[in-house]
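Visitor: Letter by letter, the chains look like this.
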Amino acid sequence: MKVTFTAYHAVAEWKWDLPEDSDDTCGICRVQFEGTCAKCKYPGDDCPIMIGECTHCFHMHCISDWLHSESSQGKCPMCRQPFNQKVAEAPAAPLRTPGGVAAGS
Amino acid sequence: MLKIWSMKQAQQKEETAQGPAKKKKVTAAQLRVQKDLSELALPQTMKTTFPNPDDILNFILTLTPDEGLYKSGLFTFSFAITQNFPHEPPKVKCQQKIYHPNIDLEGNVCLNILREDWKPVLNLNAVIVGLQFLFLEPNASDPLNKDAAKDLQEDRDRFRRNVKTSMGGGNVRGETFDRVMK
Chain A
1 MKVTFTAYHA VAEWKWDLPE DSDDTCGICR VQFEGTCAKC KYPGDDCPIM
51 IGECTHCFHM HCISDWLHSE SSQGKCPMCR QPFNQKVAEA PAAPLRTPGG
101 VAAGS
Chain B
106 MLKIWSMKQA QQKEETAQGP AKKKKVTAAQ LRVQKDLSEL ALPQTMKTTF
156 PNPDDILNFI LTLTPDEGLY KSGLFTFSFA ITQNFPHEPP KVKCQQKIYH
206 PNIDLEGNVC LNILREDWKP VLNLNAVIVG LQFLFLEPNA SDPLNKDAAK
256 DLQEDRDRFR RNVKTSMGGG NVRGETFDRV MK
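Top line first, the protein sequences correspond to chains A and B.
Heads up, the first sequence is in this note's numbering, so the first residue is 1 and it goes up one at a time.
Heads up, the second sequence is in this note's numbering, so the first residue is 106 and it goes up one at a time.
To be clear, the hints were calculated from the coordinates, so they are not data collected in a lab.
A portion of the hints provided could be inaccurate.
BS3-like, lysine-lysine: derived pairs with alpha carbons at most 30 Å apart [said to hold, decoys possible]:
hint: 1; chain 1: A; residue 1: 15; chain 2: B; residue 2: 255
hint: 2; chain 1: A; residue 1: 75; chain 2: B; residue 2: 140
hint: 3; chain 1: B; residue 1: 198; chain 2: B; residue 2: 176
hint: 4; chain 1: B; residue 1: 140; chain 2: A; residue 2: 15
hint: 5; chain 1: B; residue 1: 196; chain 2: B; residue 2: 255
hint: 6; chain 1: B; residue 1: 118; chain 2: A; residue 2: 15
hint: 7; chain 1: B; residue 1: 130; chain 2: B; residue 2: 202
hint: 8; chain 1: A; residue 1: 39; chain 2: B; residue 2: 251
hint: 9; chain 1: B; residue 1: 196; chain 2: A; residue 2: 39
hint: 10; chain 1: A; residue 1: 75; chain 2: B; residue 2: 198
hint: 11; chain 1: B; residue 1: 113; chain 2: A; residue 2: 39
hint: 12; chain 1: A; residue 1: 15; chain 2: B; residue 2: 251
hint: 13; chain 1: B; residue 1: 152; chain 2: B; residue 2: 287
hint: 14; chain 1: B; residue 1: 140; chain 2: B; residue 2: 196
hint: 15; chain 1: B; residue 1: 118; chain 2: A; residue 2: 86
hint: 16; chain 1: B; residue 1: 196; chain 2: A; residue 2: 75
hint: 17; chain 1: B; residue 1: 118; chain 2: B; residue 2: 130
hint: 18; chain 1: B; residue 1: 140; chain 2: A; residue 2: 39
hint: 19; chain 1: A; residue 1: 39; chain 2: A; residue 2: 86
hint: 20; chain 1: A; residue 1: 41; chain 2: B; residue 2: 255
Remember, predicted model here, so these are calculated numbers, not experimental data.
Extracted from the complex, chain A is given alone in its bound form (with noise of 0.2 Å):
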């Protein structure tokens, strides 16, 4: 049997990459992390979450508004810890310095 497609549709799903255990939701503006914050239309790129060293998770524009606020005091509105933000791990490769990389070639 011979199959012909005459068309498709391709679908893609995606996922931020966040800490195990945490929330599908962000805390601030109870919207799921894949969605947007209140005032984002488009989620993904345009409306970023921002993981603190404590772990727990938000939207970047709800965080940030939160930490701007006087009465936040820096803190994570989960656990009152001094929200930072996670540092991503460092590359594993060490970064070759131009110099290096021209005399290499």
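Got chain A; can you put chain B on it based on the hints?
Guide: Chain B alone, transformed into the frame defined by chain A:
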């Protein structure tokens, strides 16, 4: 290849073409309040009413404690939520003049989560549970009505009597209170 980038540009173009919002925009605060209200799990002793059904940011909570010193009273609280919600707590006021260590004669409420301990991950349910708790366990530390707090601390029986008198619309320490019996 899928041209996601050009799709995005098309979206943006469309957005600017539409010009400034043509219909009334639902604000972030409204969205969040809507979610909070849909998740409210009110016990039989509490009820919300919306004087203006189109305005979910302002409503009344009726509380009728079925135990504790304030049993069989009927208290109403006005909730006013600003556009800054959930970054700012709702403004909650008791609409009756009552004798309570944590509520002053103007109806201002002293509840930590309505003030210094507010955080945006708290929801309206937390506030409402907090209010209910104030009526079950009035708290003499950090009071708004110092006389009532003193009574509660020094002589619980006197406090109980004063609560009863005040709830009946009586006079306690020269202040006349609103009658709040159901």
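Visitor: Can you give the numbers of the hints that this structure goes against, from lowest to highest?
Guide: 1, 7, 8, 12, 15, 20
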